[in-house]
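Protein chains in written order, with this note's numbering: chain U, 11 to 612; chain L, 11 to 612.
Just so you know, not all the hints are guaranteed correct.
It does not matter which identical chain is used: a pair holds within one copy or between any two.
Computed list of lysine to aspartate or glutamate pairs in DMTMM-like fashion (alpha-carbon distance at most 20 Å, straight line) [claimed, not checked]:
(1) Lys236 with Glu375
(2) Lys127 with Glu448
(3) Lys404 with Glu349
(4) Lys276 with Glu196
(5) Lys276 with Asp528
(6) Lys236 with Asp370
(7) Lys276 with Glu324
(8) Lys276 with Asp194
(9) Lys404 with Asp336
(10) Lys75 with Asp528
Honestly, the hints are just simulated from the structure, not real lab data.
Chain residues, written in single-letter form:
2 protein chains.
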Amino acid sequence: MKLCESSVESFEIEGKKEMNKLRVLAVVGTVAMCVGGAAAATCVTNLSMAGFTIPDETKWTYEPKVPLLKQDKDGVVRGLNPGFHGRNAGLERINGANAIGDENAKAWSSVAWRNEKVHGQFVVWSQEGVRRLRASVSPLVSAEGNVLPQEAVTTRFVRHVVGHSVRKGRITSREDLYGDCLDDVEQLDLPPCGYRPVWLTVSVPVDARPGVYKGVLALRAGAALKLDFPLELTVRSHTLPSPSQWRLFVDLWQHPWAVARYHGVKPFSELHYNLMGMYLREVASLGQKTITATIVDDPWGQGNNYDLFHSMVEVTRRKDGTWSYDYSVFDRYVTFAKECGLGPQIHCYTLAGFKTSYTDEATGERLLSISDSNKSREYWVRFLKDFESHVKAKGWLGDVYVALDESHPDVLRSSAELLRSAAPGLKLAMAGNRKPSEYKGVDIDNFSLHYSCITPEFLDEAKIRRAKGLTTSCYVCGGRPCTQLTRPLYENTWIGIFAVASGLDGILRWAAFTWPRDPLFDGSFIQWPPGGTYLLYPGPRSSMRWEMLRDGIEIAEKIRILREQGKSTPELERLLEPAAFKRETQFFSERVSAVRAAVDAL
Amino acid sequence: MKLCESSVESFEIEGKKEMNKLRVLAVVGTVAMCVGGAAAATCVTNLSMAGFTIPDETKWTYEPKVPLLKQDKDGVVRGLNPGFHGRNAGLERINGANAIGDENAKAWSSVAWRNEKVHGQFVVWSQEGVRRLRASVSPLVSAEGNVLPQEAVTTRFVRHVVGHSVRKGRITSREDLYGDCLDDVEQLDLPPCGYRPVWLTVSVPVDARPGVYKGVLALRAGAALKLDFPLELTVRSHTLPSPSQWRLFVDLWQHPWAVARYHGVKPFSELHYNLMGMYLREVASLGQKTITATIVDDPWGQGNNYDLFHSMVEVTRRKDGTWSYDYSVFDRYVTFAKECGLGPQIHCYTLAGFKTSYTDEATGERLLSISDSNKSREYWVRFLKDFESHVKAKGWLGDVYVALDESHPDVLRSSAELLRSAAPGLKLAMAGNRKPSEYKGVDIDNFSLHYSCITPEFLDEAKIRRAKGLTTSCYVCGGRPCTQLTRPLYENTWIGIFAVASGLDGILRWAAFTWPRDPLFDGSFIQWPPGGTYLLYPGPRSSMRWEMLRDGIEIAEKIRILREQGKSTPELERLLEPAAFKRETQFFSERVSAVRAAVDAL
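Okay, chain U solo, but in the shape it has when bound:
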């Protein structure tokens, strides 16, 4: 629909001219056409692809920037030859500078247990623009003629987001492009000098016959272009239990309000639960052991969250001055999360701050809870007693933790004192930066320590705590290793390996899908580094980081099982000796590879 000729206004005429510059780009779940911008034109050999500029509008239709091979200042791409090229890229993050490599290395081989997921990555690049890049995999067949079912093997294109860099605490205007999201797009184009990683995942069925399975991954473009990548997967006789049976304590905080806002649905509406189910089941597939719940409004504030958390408990001060607590949202959400495979622990944020809001029945106002210390104590004792008896009636007592996030020892102490006196049946959870023993006189039932604060003394305490039935884990947040996009992919895998090697119960990460405003396009949120607030993308779409974090958890479970079966080796145990661990990027990647190889050999 455009303006009728006899009423054309200038902006419309211009508009049509503008339109001619636009190239057709498709969206979510269909065919994506990525077209090179001016930058690409410098090395264009196929003129039919050249001469287009991309108006700002279109940069948003699939990716914030078109992934292009890095050109030197003369506009030349080193090592780029005419034609359609590709290689096995391994499990590293690919960018414009490292995409081109040894094209003789096309073959992929891996070792897996039954019921395990294994991954591979390939990258293709082309000097000329090519249309309709698409992947297909032949059946994986063993020498004995066994075949892995087709649905066991999937390929996903790596999709890119930008993230702003931070220098000396200030957000800079520089935006870097990161391949991370694993997308369900069926086909897409390569612009001139474009590259595109392709992610392979094999989910070995629990009943797969051991053996060596072979097949071919084919990447086609246009009608005639085709590259073959030989695949070889050795399936061992070991069987990995299902995630619900995994022992590692995994705590990735969930954010229901981010899902509601992003998907444009009302929090805790039927549509919201339909969507949440997809995210919670994905989280459960990592062996998640906790449900993130809230008992106050805004337990963190906006420094960590584009979308504020609200309380799952509605508090009302009745006209007669008495108080009522509505747990209907809390109850339904917890029950639903359990159905999705989360739990048994229920971590309720938070007591620190002793602050929430309630509705004043008389005026209809939403007010902040009384802050005067005496009244405040009265308020919280009243609530905690009511809450304890409620969860007891629900049969959840023993699984419910009042959770604190990096609170000062004094805050922890006052919270613990209040909790123990008012509701001794509720447990205490905290992520902190000191050994538990430094919080004098407080027994923290579930404690997580920041990776960078871990000492041999802490690891000793963890063993004693475990004997007492207390949970002790470590968490990453900034520093290294970490899961953000600015850190090497290997660091995600290292986290699970580190936990089992150090004799900790598990791992914690504060953000599974605490999205910035538009995570499919910009992964950064204020000063948080790109990807620092989430691992899963809307859809849900998985990420390379998510799959590698899960990979490390799988390795941890395999190590536990091998040890229990007395099948571990001195070689493997040597690699798992915490005293020898370093905190260097190089170490993480080498040690992950070494541990993986040692486990695969058994």
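Take the given structure of chain U and dock chain L to it, following the hints.
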């Protein structure tokens, strides 16, 4: 979650400092807190509200800009006195420059038929920041003691979006703020020098007793601030039929792919249908008579659509060279849209261009349909015959139109010729800019002419066409009147009145929810003026424009009924004389008010 102290990195320390600047803002469906930025501080008297700056991040949490009263260059707001103020703002778009007005004009009165919706608007403003602005309405009671049910009366806060201005065809950096969206937020704050319009809607029950109903709308802020607005609604004994019974032909194009993309769900998944249902039922509430369907990929291109339309018909070229057509999406969507109250007409876009894509079974490629003219004709004849027999089998023959959008007469002629010869059972629809008679030798079953092209000769043709059972409507798109945010609100109401006055069958608008990337924040799309591509917001949330467009359609139906009952008056008919219509903004507003008053008097 923040970094452990012993591993703090500078950006984190800085990050925390940054955080102190952030104010807590809530999102979708809850309490929204809008805080004045530096601009507001110039006229702040309540220092507790002053001295805050808002980082870019927060501007996105509820509205792109905080609505503030217009200050002159000295930072003074003319006519602003201390305290909390308000007035009846009428049915005009309120902004920072026209919000302040006669505070003695607080009373609202209106006249309604039974089963009709009537609206009012109020605006409040305050020199000091006030917290928790909220609205409540007392029961509307008649002298006879009849009471309108509580759910019949609703209030919604007006929410703002920005739109960029276009000068001489170029997008300028200037962004204007427009109040348009009717939001479900329960409470929000007024910053210092802030204003906020509140929208009142009364949906009179079909069984309401005629009479004069009175009540009070109260706008409260904080604990003590309160403004009362007396309401008086006269309910006549006339009854307006339900939208499904309305006679005016209404065609507002729907865009399933925009809903799928915005809400982040897969097109035509169960979740997508759940969401689409809410939008389609809202469209049906305007008496929508057509279902927008597609039979080709990308019938328009991206010039009109941030989200491309795709084909609801999957075409495959089999290995043996034969062709297969999968109508499953088309069938389910049309059936679903009918269940939602749309139809009976099914407008299928498009034949113009003779271009679509199909899947080549042999290579798995998606290719463009053959463009060579002979092959092309062969392709389309084959498809159209198949399509005709399919819709015949579905029992839809007679309701299915192949639709063209502003095609050149030659394109129309070739399309019509092809359609008539290949599938004479399918009808033809087109929006154009010439009288139907100028498309020599082509009978267009459903024709819509751009408002600016309407002449007395065309209106004569429309009457002859109606006698032949053909549908003739007018459409707006740019120019004036129009529904975009840059046009006065009254023009939306005028469209329906104009159609009935001119003896046309109805109205057409190309965009009910063809959203730009982020319609809740920026209403503009490339050169299209703000709001020019949509009337409904995600949620769905209604808009002032949507309600006023519907209001004009209701008036048109009331005029039709009054005429049929012989109750129209010379005074009313004089106001409806097309020969006297002008194309000036001033005329539209005066004539809408005059027609409304004349109808209300009957």
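Evaluated hints:
1. Lys236 with Glu375: Between copies only: 13 Å across, 66 Å inside.
2. Lys127 with Glu448: Cα proximity of Lys127 and Glu448: none, with 40 Å in one copy and 66 Å across.
3. Lys404 with Glu349: within (15 Å within a copy, 41 Å between copies)
4. Lys276 with Glu196: So Lys276 and Glu196 pass the 20 Å test across copies only (13 Å; inside, 31 Å).
5. Lys276 with Asp528: both (18 Å within a copy, 18 Å between copies)
6. Lys236 with Asp370: between (68 Å within a copy, 16 Å between copies)
7. Lys276 with Glu324: within (16 Å within a copy, 34 Å between copies)
8. Lys276 with Asp194: Between. Shortest inter-copy distance 10 Å satisfies the 20 Å Cα cut-off; intra-copy 26 Å does not.
9. Lys404 with Asp336: within (14 Å within a copy, 51 Å between copies)
10. Lys75 with Asp528: Both: 14 Å inside a copy, 19 Å across copies.
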